[in-house]
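My request is simple: use the sequences and hints to build the entire structure.
Here is how the chains run, residue by residue.
Protein chains: 2
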Amino acid sequence: MPRCQGHYSNSFLLYLFASFFICLKALGSSMSNGLNGHYQCAETELNSTEGELFLSEAFKVILEEAVHKATDVKEKVCEWKDPDQLRDVLDLELRDHGETHQQLLQRVRDVAKHSVKTNHPRFFNQLFAGVDYHALTGRLLTETLNTSQYTYEVAPAFVLMEDVVLRKLRSLVGWAEGDGIFCPGGSMSNMYAMNVARYWAFPQAKTQGLWSVPRLAVFTSQESHYSMKKSAAFLGIGTENVYHVKVDESGRMIPEDLEAKIVHAKSQGAVPFFVNATAGSTVQGAFDPLDRIADISESNGMWMHVDAAWGGSVLFSKKHKHLVAGIERANSMTWNPHKMLMAGLQCSVILMRDTTDLLMRCHCANATYLFQQDKFYDISLDTGDKSIQCGRKVDCLKLWLMWKAVGSQGLANRVDMAFANTRYFVEKLKKREGFQLVSEPQFVNVCFWYIPPSLRGKENSADYKDKLAKVAPIIKERMVKQGSMMVGYQPLDGRVNFFRMVILSPQLTQSDLDFCLDEIERLGRDL
Amino acid sequence: MPRCQGHYSNSFLLYLFASFFICLKALGSSMSNGLNGHYQCAETELNSTEGELFLSEAFKVILEEAVHKATDVKEKVCEWKDPDQLRDVLDLELRDHGETHQQLLQRVRDVAKHSVKTNHPRFFNQLFAGVDYHALTGRLLTETLNTSQYTYEVAPAFVLMEDVVLRKLRSLVGWAEGDGIFCPGGSMSNMYAMNVARYWAFPQAKTQGLWSVPRLAVFTSQESHYSMKKSAAFLGIGTENVYHVKVDESGRMIPEDLEAKIVHAKSQGAVPFFVNATAGSTVQGAFDPLDRIADISESNGMWMHVDAAWGGSVLFSKKHKHLVAGIERANSMTWNPHKMLMAGLQCSVILMRDTTDLLMRCHCANATYLFQQDKFYDISLDTGDKSIQCGRKVDCLKLWLMWKAVGSQGLANRVDMAFANTRYFVEKLKKREGFQLVSEPQFVNVCFWYIPPSLRGKENSADYKDKLAKVAPIIKERMVKQGSMMVGYQPLDGRVNFFRMVILSPQLTQSDLDFCLDEIERLGRDL
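Quick mapping for you: the protein sequence lines, in order, are chains A and B. First residue of the first sequence? That's 1 in full-length UniProt numbering, and the numbers climb one at a time after it. First residue of the second sequence? That's 1 in full-length UniProt numbering, and the numbers climb one at a time after it.
Keep in mind that the hints were calculated from the coordinates and are not lab data. Among the clues, some could well be false.
[Stated by the list, open to error] Taking lysine-lysine pairs in the BS3-like style, the calculated list, with each CA pair at most 25 Å apart, reads:
1) K375/A / K113/B
2) K69/A / K168/A
3) K470/A / K375/B
4) K81/B / K69/A
5) K428/A / K319/A
6) K458/A / K431/A
7) K375/A / K81/B
8) K76/B / K375/A
9) K375/B / K465/A
10) K81/A / K113/A
11) K81/A / K375/B
12) K60/A / K375/B
13) K246/A / K465/A
14) K69/B / K60/A
15) K81/B / K168/A
16) K168/A / K321/A
17) K76/A / K69/B
All values derive from a computational prediction rather than experimental measurement.
Set out below in C-alpha cells:
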C-alpha cells in the first residue's frame with residue numbers, strides 16, 4: 001500500500017475560496033436582476049447564469065437528500081406509500097404551464113424522499129448497493145457532457161477510455177487480446193453473446209434469417225438468469241429451444257446433465273451451438289464448474305459463454321478468483337461492474353476472446369451518415385457499429401474514474417471485504433435459533449429461512465411448508481412499511497420462500513449485519 | 001403565461017447559509033482527522049464526510065468545465081487531439097494503486113476539457129444538442145438514487161412516473177389508452193416494435209422460434225434509420241428480408257412502391273408483417289405519408305410502426321404536428337425526447353396503441369426472484385417484465401422534471417423555435433453564393449453543399465462530382481481541428497458528400513447560424 005500524504009489543508013483552502021467565488025458570482029447575478037428580478041420564469045428557456053444557479057441549488061438538495069441522508073444508518077431505507085398516496089404526494093401530472101424554481105427544487109426533494117435508498121447500508125435487496133463517490137462523480141460528468149459513444153468524432157476521450165477499460169478487464173480474465181463492448185445491462189450483454197455465437201456458427205443467419213439454418217439449441221442451468229430465455233425469445237430462437245440443465249443443491253450446473261441434454265437435443269434434430277455457464281447465480285450465488293463445461297463445449301464445437309454479471313468481480317481477488325477457474329477457456333463473458341464493484345447502474349460489459357472482429361461483422365450496418373469512410377482520422381476508432389444500439393450512453397467513465405481512485409488493489413479489497421462480511425453474517429446466523437441456511441454460501445448471497453417460534457420443531461407437519469412460505473412475505477411487508485431495511489425473498493425449485501441476503505457494500509458494518517438478524521426476528525417472532 | 005414571482009433573495013440567502021454549513025462541516029471533519037489527517041487515502045473506502053466533500057468539489061469542476069465553459073460561445077466546441085496525443089494527455093492506464101483527491105479532480109477536468117461540447121451553441125453535428133438545466137438536474141438525481149426501474153418495490157416513484165409520462169406522450173399521439181416503455185435508445189425501441197409485431201402476428205415465435213413461422217418480410221424506406229436492418233438481423237429475421245421502399249427526392253416513402261414491394265415479397269413466399277414509416281428521417285428530416293401507409297398496412301393486415309425518434313416531438317406543436325397526420329393509426333411508435341426536446345441521452349420510448357398487454361406477454365419471463373406473485377402490493381406495478389432488460393435505468397425522471405419546469409407549452413415553444421431558426425438559416429443560405437440546398441427542408445435538418453469558388457459554374461465538368469465530394473470532409477477536418485463548430489456530412493443515394501445542419505437547440509442564436517455560413521465559407525473558399 002502506498003503511503004498517503006496529508007494534503008487536506010490545501011484542498012480545504014481551495015474549497016473555501018471556491019465557495020466564496022460562487023457566492024460572489026451569485027450575488028452579482030442577483031443584483032443584475034434588479035429589485036423585481038425573478039429567478040426563473042416558467043415556459044422560457046433559462047439563460048446560462050440562471051441555469052447554472054439552479055443546477056447548483058439542486059445539487060445541494062441532491063447531496064443532502066440522496067447522498068447524505070440516504071447513507072445515514074439512522075435514516076429510513078425507504079418511505080413506503082401506497083401507490084395512490086404516492087401519486088398524490090408527488091403530483092405527477094404534467095400540465096401546459098411550467099413551475100417556479102422553488103417548486104422544482106421541492107420536487108427534487110420529494111422524489112428523493114420517496115425513492116428507495118439503495119445507497120443505504122441496510123439495503124440488501126438487489127445485486128447492487130452502497131455508493132462509490134468516485135464512480136458517482138464519473139456519472140455526473142457523463143450526464144453533463146451528454147455525448148454518445150459511437151464515434152471518435154463526438155466521444156474521443158470515451159472511445160479510447162472504453163478500449164483501455166475493456167482491455168484491462170480482459171487481462172483479468174486472462175485474455176491478452178480480444179474484443180468487447182459496454183451494454184445497457186447484463187441481459188443485453190447476454191443477448192450480444194448469443195447473437196455473436198449464432199453469427200459465428202451460421203453467418204448466413206444475419207442476412208437470410210433463421211429459416212436458412214437448422215433449429216438451434218441453447219444450454220443453460222436451471223438456476224441461470226432469466227435473460228437466457230428472454231434472449232432466445234428476442235433473437236427468434238424460441239424459449240423451448242433453451243435446454244435447462246440440472247443443478248446440484250447449491251445451484252451449480254451438473255456437467256453430466258449438460259452432456260445428456262446435448263445428446264437429447266441432437267436426437268431431436270436441433271443443433272447445439274451455445275452453452276451459458278453462470279458465475280454467481282442470481283439467487284444462490286452459485287458458480288458453475290467452468291473447466292468441465294469448457295471441455296464439453298469444445299468437444300461439441302459449441303460457443304461457451306459465461307454469465308458472470310454478478311460473480312465476475314471475483315477476478316480482482318487473489319483469494320477468491322479460483323471460483324471462476326477455467327473462465328479463460330470461454331468464448332465470451334458478461335460482467336456487470338455496477339454490481340459488486342459499485343460502479344453505478346448501468347455498467348455492464350460483454351467481453352470476447354475473439355480476435356477476428358466477429359462483434360463488428362455480426363452487428364455492423366455501415367450507416368453512411370455516422371460512419372463515413374472518408375474521415376480524416378483512423379476510422380477504426382468509430383466503434384459504434386459493433387453495437388446494436390445507435391446512440392449509446394457512455395458507461396466507461398464511471399468505472400474508469402473509480403478504478404483510478406482506488407486502483408485494482410482497492411477493488412480487490414472491496415471483493416475480499418464482501419466475502420469476509422458474508423462469513424461473519426453466516427457464522428452469526430448459524431448460531432441463532434430460528435435461522436436456517438438454504439445452502440452453504442459459495443459467494444456473498446446468503447439464502448436462509450427464518451422460522452418463527454410457532455413453527456420450530458414442526459418440520460414434519462403437513463402444513464409446515466405452506467406456513468413457512470408465508471413468513472418471508474409478511475416480514476418483508478413489515479420491514480418495507482417501517483423502512484428499517486430491505487432484503488429480498490423468493491421460492492426456488494420446490495423450496496418455499498426464503499430470504500436472499502446480498503452482502504456487497506464495503507460501507508456496511510458488522511452492526512448492520514447483526515441488525516439484520518435482530519430485525520427479522522423482531523418483525524417475525526409473532527408469526 | 002403564469003406570472004413569475006420574485007423570490008431570488010430568499011433562495012440566495014438559503015444558498016449562503018448552505019455554503020457556510022458545508023464549510024463548517026468540512027472543517028469539523030478536517031479537525032477530527034487530527035494533525036496528520038489526510039483527505040483521501042488511495043485504496044481505502046471514503047467515509048461519507050470525505051465522499052460528500054469530494055463530490056461537492058468535483059461538482060464545481062463539472063459545473064465550470066462541462067456546463068459554464070461548454071456553453072460559452074467564445075470557447076471551443078472541441079479540443080482536437082490525435083488519438084496518440086490524447087492517450088498521453090489523459091493517462092488512461094489503470095493501475096494497482098489509487099490516486100489522490102487532487103489528481104482525481106484534475107482527471108475530471110482533463111476528461112471534460114477533451115470531450116466534445118455537445119452543449120455548445122455551435123454543435124450541430126448530431127440529432128441532439130444544447131443543455132436543458134432541469135433535465136440535467138433530473139439526470140443527476142437519477143444517477144445519485146441509483147435504482148432500477150423494474151419493480152415498485154425499489155422504484156416506487158419512478159414506476160408511477162413512467163406511467164404518467166408514457167400516458168401523456170400517448171395522449172399527444174391521440175391514444176387514450178395503450179402501452180409503452182422507456183428503452184435505451186431509438187434503435188432498441190424500434191427492435192421492441194418489430195418483436196412485438198412478430199409476437200402479435202405469430203405468438204408461437206416466442207416459444208418455438210422462427211422455424212415455426214413462415215419467412216417474414218419487413219418494409220421500410222430507403223432513407224429510414226439503419227436500426228431497421230440491425231433489428232432484422234438481431235431478431236433472426238435477416239437483413240435480406242427487409243424490403244427497402246423507394247423515396248421521393250425529399251426522402252419520403254413512395255406509397256405506390258410500398259404496395260409493389262409487398263406484392264413482390266408475397267410472390268417470393270414471404271409474409272409481410274411489419275411496415276416501418278419514418279417521421280423525421282435521419283439525414284433529410286423527411287416525413288413519410290403516414291395516412292397512405294396506414295391504408296396499405298391495414299389492407300394487408302400488417303403492423304404499422306412509426307420511427308418518430310427524431311420527428312415525434314412535432315406532436316407538441318399546433319403549427320407543425322400536421323407533419324405526422326395519421327400517426328394515431330399506427331400500432332406503435334418510437335420517440336426520443338433526448339433529441340429535439342433536449343431531455344438528455346438516453347431518453348427513448350416505444351409507445352403502443354395495444355390494450356391487450358402484448359408488450360408484457362411478448363417479453364415476460366416471470367423471474368420468481370424479482371416478480372414474486374405474493375407481494376403485499378398490486379403486482380401489476382412491477383412493470384419490469386415488459387422489458388427485455390432486467391436492470392433498467394430510470395429514464396423518465398429527466399423528462400418529467402423538464403416537463404414540470406416548462407410545461408407542454410414550453411416544449412411546444414422549443415419545437416416552434418427550432419423550425420423558426422431553420423427558416424432563418426435556409427433563407428440566409430439561399431441568398432449566399434456558393435451554397436446549394438440538396439432539397440427543400442421539411443423539418444430542422446438542412447442539407448446543403450458548399451461549392452467553393454473554384455467549382456462554381458463547372459457543374460457540367462466530368463470531375464465536378466468527384467471534386468465536390470472532397471469539399472465537405474476537408475472543411476469538416478478544419479473546423480474540428482480549430483474547434484470552431486461541428487456539423488456533419490454524408491453522401492446519400494448518388495448525391496455526393498453534403499453537409500447536414502441540425503438546428504434544434506433554443507440556446508443558439510441567429511448569430512450562431514450566420515457564423516455557420518461564414519465559417520464554412522472561410523474554411524472552404526480555397527478549395
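Hint by hint, here is what the structure shows:
1. K375/A / K113/B: Answer holds: K375/A to K113/B is near 23 Å, not above 25 Å.
2. K69/A / K168/A: Given that 25 Å is the threshold and the Cα spacing comes to 35 Å, the pair is violated.
3. K470/A / K375/B: 10 Å, holds
4. K81/B / K69/A: Not satisfied, since the Cα-Cα distance of roughly 42 Å exceeds 25 Å.
5. K428/A / K319/A: Satisfied, since the Cα-Cα distance of roughly 22 Å is no more than 25 Å.
6. K458/A / K431/A: The hint holds at about 20 Å.
7. K375/A / K81/B: 15 Å, holds
8. K76/B / K375/A: 21 Å, holds
9. K375/B / K465/A: 18 Å, holds
10. K81/A / K113/A: OK: K81/A and K113/A at ~11 Å, within 25 Å.
11. K81/A / K375/B: 15 Å, holds
12. K60/A / K375/B: Not OK: K60/A and K375/B at ~36 Å, beyond 25 Å, violated.
13. K246/A / K465/A: 23 Å, holds
14. K69/B / K60/A: 21 Å, holds
15. K81/B / K168/A: 23 Å, holds
16. K168/A / K321/A: Answer holds: K168/A to K321/A is near 16 Å, not above 25 Å.
17. K76/A / K69/B: 39 Å, violated
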